[in-house]
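Sequence lines, in order, name chains Z and A. The first sequence begins at 1 in my numbering and counts up one residue at a time. The second sequence begins at 1001 in my numbering and counts up one residue at a time.
Derived by calculation from the structure, the hints in this document are not laboratory data. For glycine and all other residues, C-beta sits at the position ideal for the given N, C-alpha and C. It is possible that some hints are incorrect.
Unchecked claim - Where chain A lies over chain Z, by a calculated footprint (3+ residues, C-beta under 8 Å): (1) 188-200; (2) 220-229.
As the list claims (entries may be wrong) - Taking CB as the label site, the calculated pair distances span: (3) A:R1014 with Z:F477: 46 to 54 Å; (4) Z:I474 with A:R1014: 50 to 58 Å; (5) A:S1038 with Z:G194: 52 to 60 Å; (6) Z:S131 with A:S1038: 30 to 38 Å; (7) Z:G319 with A:L1041: 18 to 26 Å; (8) Z:W433 with A:E1011: 48 to 56 Å; (9) A:R1015 with Z:I350: 41 to 49 Å.
Here are the chains, one letter per residue:
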Amino acid sequence: MSTTHTQAHGHAHEHHDDHGPAKGFKRWLTTTNHKDIGTMYLVFSLVMFLVGGAMALVVRAELFMPGMQLVDPGFFNTMTTVHALIMVFGAVMPATVGLANWMIPLQIGAPDMALPRMNNFSFWLLVAAFSLLILSLFMPGGGPAAGWTLYPPLVLQTGDALPLAIFAIHLAGASSIMGAINIIVTIMNLRAPGMTLLKMPLFVWTWLITAYLLIAVMPVFAGAVTMLLTDHFFGTTFFAAAGGGDPVLYQHIFWFFGHPEVYIMILPAFGIVSEIIPTFSRKPLFGYDAMVYATASIAFLSFIVWAHHMFTVGMPLAGEMFFMLSTMLIAVPTGVKVFNWTATMWRGSISFEPPMLFALAFLFLFTIGGFSGLMMAIAPVDFQYHDTYFIVAHFHYVLVPGAVFAIMAGVYYWLPKWTGHMYDTKLANIHFWMSSIFVNVLFFPQHFLGLAGMPRRIPDYSTQFADWNMVSSIGAFGFGLSQLLFVYIIWKCAKGGAKASHEVWDDARVHGLEWTVPSPAPYHTFEEAPVVK
Amino acid sequence: MSNTRANGPTEQQRRRIRRGALALALLAIGIYVAFIASGVLGWRG
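So here's chain A without its partners, still in its complex pose (with noise of 0.2 Å):
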């Protein structure tokens, strides 16, 4: 038996927790980008 759980969710829940998690990885990296970039532009300004 590995150490992984037996059941896991099922399809629709898979399909929402990746879309749910994607979105949420795409916020932090466009956090991240949007603060260096207003950063450059201050600069530059």
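In isolation and in its complexed conformation, chain Z is listed as follows (with noise of 0.2 Å):
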């Protein structure tokens, strides 16, 4: 987007100031400003990161020592399982979508999302949906417990609690599609006269890509959860032998959809991270072309992989070695994309603000998590790792200091533009430290637990594991406590502090239009639309 720039500013009703929003808990109730929208996203998901982090740690208490000391085994389980849904549909997920509704619209120079009441249903119906998942854990029986994949034929021993969670996860795949839906239309519609598709910024092209993912993928998963449903309750055998069925089928459809989910959570990432880069390294993005194809690249290759998570259950050996060769062909357009970073920032006049060193610590340790899969793309290797402790290292090492760092280092680089304040960059770079020091005490160890055979998803274990556990449950309490900051960091920012300026960071305006907007942005931007040459 180095090439950027606009004849008609778009804060055409930065002298409306009357024309502000209405007061009260209205205000949020009914909005369909897509800034609203996209903070009561961001918001949501940091209730949510703090209450899947409290289970995780439920989790890692537990397994501080060999032996059992804080919960039954039942409720570890629910721990496990509830952590993982909450984090990947009700933190990672809306925190993208959150990012993604406030920064589009300012990004292509559109006035707001193009469906703004659906914008809004999808908002609520997304905390509808988290409400009834965590009240499950209240039903008789305990919450849901199989783990987030709900394998069949464990998952259908759940109590009361597995329609809850079904009808839960519907309604989040429903808030989530019309969201894909909105951002498609969006991005279609209303770019700013000039905005050609290979101009957009890229977390514009791939939160795009995204969306496309979103709608190909949700719908599988509604429809693998509802024939768990009618097996539970209608007497259906879809995934189960004794009836004709196949519980096999199920993880099929299962990762069909879980595949291309990780790159939904992971492609938003790569997009923040290709806005930050050039604007700290004060270059434009080294290979902007490849990064789109790259990126499309990326998603149409999930779909072709799903089944190297599941090498044990037995497949032909021409399945295996198919799953295997494509799953380490989309090392190659994400190699493309590493290279591009790395070259965007070589030879550039680099500063290390605190969005610049969660998207430095992003390209180091997601890195780390891609190597990891690699190994495990191996079919035969992947027999020693599959559901132990190097899985649960290799996808945390994609999703924590991958997505989760990606998506504070999103936050950092635009809250000044959404609260006209310049935060604590002191507090801020204490805050990465620490993140990036307890983030590797607590997940690296878990590598070698998990070569040395410790399985995933147990709550006790033999005694041998005993140090490396230790060591990684300081790293969680750690990180745990860290995120303490990151919170009181933004609730500072958000109270007041030094007026944010435009441009915020250095010569940002050549890097996106949200930059010629005040800050904080108006209530209502570009309403004249801007012209990009």
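Both chains are sitting in their own frames, so use the hints and assemble them into the complex.
Following this line, the structure appears as structure tokens:
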């Protein structure tokens, strides 16, 4: 986006200060403003991040020492299951949707999302979904406890929580699909004059592709859990061998959704990092077109690799070969991205403000997660790693210092634009270093545990695993406490602080339209469309 | 002043937005129904 300049500034409405938002709770309940809805998504995801994080701390507290210490095994399983469901569907996805709501209209020069009422409905549906999911913990028999993958036949042993959890998943899925439709029609129809597809900021591109992924795979997951429901309550046997069904069919359907789901979480993160690295390197993004094509390639490949999650179920050798090689192929477009981010920084005038620090940590630590993924793509080797702590380490490296760090980088990048205040960079730097150190203390030892054979999803373990589990748990509590600092920094910035300029960061104007509007961004922006050269 | 925007898309943009949204919604519902239908056919077979 280095070539973007505007002829008409996007803050036509800044002179209409009387046109502010409605007051009180009704504002938030009925708002159709993309900035309000973006804020609500971000606050919701932060709350869910803390709730899901607390559940992770229950897990890590139990695993601090061998033996059963704090919770019974059933509740432990519920915690691992609901932690994952909340973090995936309630924290990471809504955070990226919140960023999309706030930033896509600002980045493409649109006055709002294309379907603002549906936007409001999508958000409140998500609140209903996660209220139900959390309430399912209090149902007779406890909450869902079969892992976030909800594999039958184990999941069918869940008590009264099963239909509630499945209903919650349907509501969350409907919310995601509506959000995705809104994003696609906004990007396709409301771009400023002159903003061709290949002039869009990378964050917009990654979200456009992510939205198509969502529409393609969320209905598949909804279909799978609907079939679980009919197996449980209506006598069908889709996934029960006794009635002519096949439990492995569920795994195929689930992972046909589940693998693209990983990219639904990581592609917007790629977009955020692609915005930040050029700004703080003071250079245009290296290989913009290649970045777009690499994103599209990753999305396409995500549909043809699903069975690498289930090598051990037993499949024909040709199948194993296909899924092994197609999985390895994903390293090519991902490598293009990592190369281009590095090349962007090459001979740049780099400065290390908090967004850039988080983006750099993302670059290093996500790559570690990517490499361990490549290790597991090797089918015969995966037989050793499968369902061990090695996989737990792998996907947490992809999702925590990967997706979550990119989201934090995005928050630190755009927070002054949202609030109009500069945050406390000294505290943000402390937050960065504490998070970066503790996230490695938390997850790196889990590689050793997995390679030594410690299975995942168990509340007790052999004493040979005691030392690294203790280290990992210390890392977990350190990482959790560090996030309270993040909450404080955001709260403090929202309340006040040094006034932020239009550009916020040096020469940010050349990197996107959002930096041409005042800080905080006026309630209504781009009512007169800017012209992009 | 309500918390809705003052100026929306043009009528032509609105039509394209409605059409696009409807097509995408039908696609999503179609995928959902197709997966369940394929499960039903496989189960009966």
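Verification of the hints:
Residues of the region 188-200 of chain Z with a Cβ under 8 Å from some Cβ of chain A number 3, which satisfies the need for three, so the listed coverage holds. For the region 220-229 of chain Z, the stated coverage by chain A is satisfied: 6 residues place a CB nearer than 8 Å to a CB of that chain, which reaches the threshold of 3. At roughly 52 Å, the beta-carbon separation of R1014 of chain A and F477 of chain Z lies within the given 46 to 54 Å, and the hint holds. Between I474 of chain Z and R1014 of chain A the beta carbons are some 56 Å apart, a value that agrees with the proposed interval 50 to 58 Å.
At about 45 Å, the CB distance of S1038 of chain A to G194 of chain Z disagrees with the hint of 52 to 60 Å. Checked against the hint of 30 to 38 Å, the pair S131 of chain Z and S1038 of chain A passes, with Cβ atoms roughly 33 Å apart. At about 22 Å, the CB distance of G319 of chain Z to L1041 of chain A agrees with the hint of 18 to 26 Å. In this structure, W433 of chain Z and E1011 of chain A meet the distance hint of 48 to 56 Å, their C-beta atoms being roughly 54 Å apart.
Take R1015 of chain A and I350 of chain Z: their Cβ atoms lie about 47 Å apart, and the range 41 to 49 Å holds.
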